[in-house]
Amino acid sequence: MGIINGLLTTIKYALQSPVTIQYPEEERVVRERYKGKHVLRRYDNGLERCIGCSLCAAACPADAIWVEAAENTDDERYSPGERYAKTYEINMLRCIFCGYCEDACPTEAIVLEHEYQLSFTDRRDAIYTKDMLIVPVPEGGLPTPQKVEPGTFDRAIPDMEDPK
Amino acid sequence: MGVSGKLGNLGVVTLRLEDAVNWGRTRAMWPMLFGLACCAIEMMSSQAPAYDASRFGMELMRASPRQSDLMIVAGRVTRKMAPVLRQLYDQMPDPKWVIAMGDCASCGGVFNNYAIVQGVDEVVPVDVYVAGCPPRPEQLIHGFLTLHEKVKEMRWNEWAQPQETTVIES
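Heads up: the protein sequence lines correspond to chains A and B, in order.
No gaps in the numbering here: position 15 of the first sequence is 1 in this note's numbering, and each next residue is one more.
No gaps in the numbering here: position 48 of the second sequence is 96 in this note's numbering, and each next residue is one more.
Hints are not guaranteed to be accurate.
[Said to hold, decoys possible] For the chain A half of the interface with chain B, some residues (derived, Cβ under 7 Å), not all of them:
#1 Cys39
#2 Ala43
#3 Tyr86
#4 Ala90
#5 Tyr102
#6 Arg141
[Unchecked claim] Non-contacting residues of chain A with respect to chain B, defined by C-beta distances greater than 12 Å in every case (computed):
#7 Pro4
#8 Val5
#9 Ile7
#10 Arg19
#11 Glu57
#12 Glu62
#13 Thr73
#14 Asn77
#15 Met78
#16 Leu79
#17 Cys81
#18 Ile82
#19 Asp108
#20 Ala112
#21 Thr138
[As the list claims (entries may be wrong)] Some but not every residue of chain B turned toward chain A, in silico, with C-beta under 10 Å:
#22 Pro97
#23 Ala98
#24 Gly105
#25 Met109
#26 Met129
#27 Gly150
#28 Asn161
#29 Tyr162
#30 Ala163
#31 Ile164
#32 Gly180
#33 Pro185
#34 Leu195
#35 Lys200
#36 Arg203
Calculated from the structure, these hints are not laboratory results.
Don't be surprised by glycine CBs; every beta carbon is placed ideally from N, CA and C.
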């Protein structure tokens, strides 16, 4: 009887369709809360959300983030408020994708998205600079730096209809 | 290309020896069973039916370094483990490749302390670094594919020579 049970199990599994995901051609959809490669977001008018406060770098348990801030002026404005991130680098080989930077960010500038295909043949390629992280300018927005009227963007979180 | 033009439509494929050998190497690259920490769980998962690394000719995880071509350093390497890692690497026959899987093997990750080697490229030459903590099985397979691309570009005069060690000044 035992041998028949075993054979039945074999036949049952032989008739099922294979479970393999053909990875490079077909990708499994990740969960909504999955944390992958970071992006730096912008406001709808094209200004960068990052204000260069380095709180993400302070919160990072792996020391993967390096931020260098510089002063904004009304002639060359990158972000609302006083400062912007002149240099923003994340070492993807150091980052453990914990999302603490996301939690620490006061302007919700840095978000961990769903991209995960990260492998490198050189360690230096793993350092992602600001150009590689920042999202493209949204439709209707202007690229940074922008020339704005003095007094429009004095606060780091601007008075917008919906700052999110 | 020149020969195929003369042969016409005879059903003969001509290609360079380099391409043929490199193609063969990418299609049967047996990894060594070298799981050190939590990345090993994802490495096992990439062998399991859902991801099935045998689609890339990697179904056999050899326990012996003498029978393996690829070392997947999966996990953090302690200073005590480093000589063992090097010895196992030296015992592997040429040609051999190394994948540093995950943050700890690539650069120490969160473990920036005296006990952990800050990146296995201090000990062995690494070909591909896979980011993630731990990487998903897809990420490891992406690492395999990156390595395949690298192997396909190898020239014949690089076959026999030991590969260069990458040294990064810290």
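(request) Of all the hints given earlier, name the ones this structure violates by number, lowest first. (result) 1, 2, 3, 4, 6, 7, 8, 9, 14, 15, 16, 17, 18, 19, 20, 24, 25, 26, 28, 29, 30, 31, 35, 36
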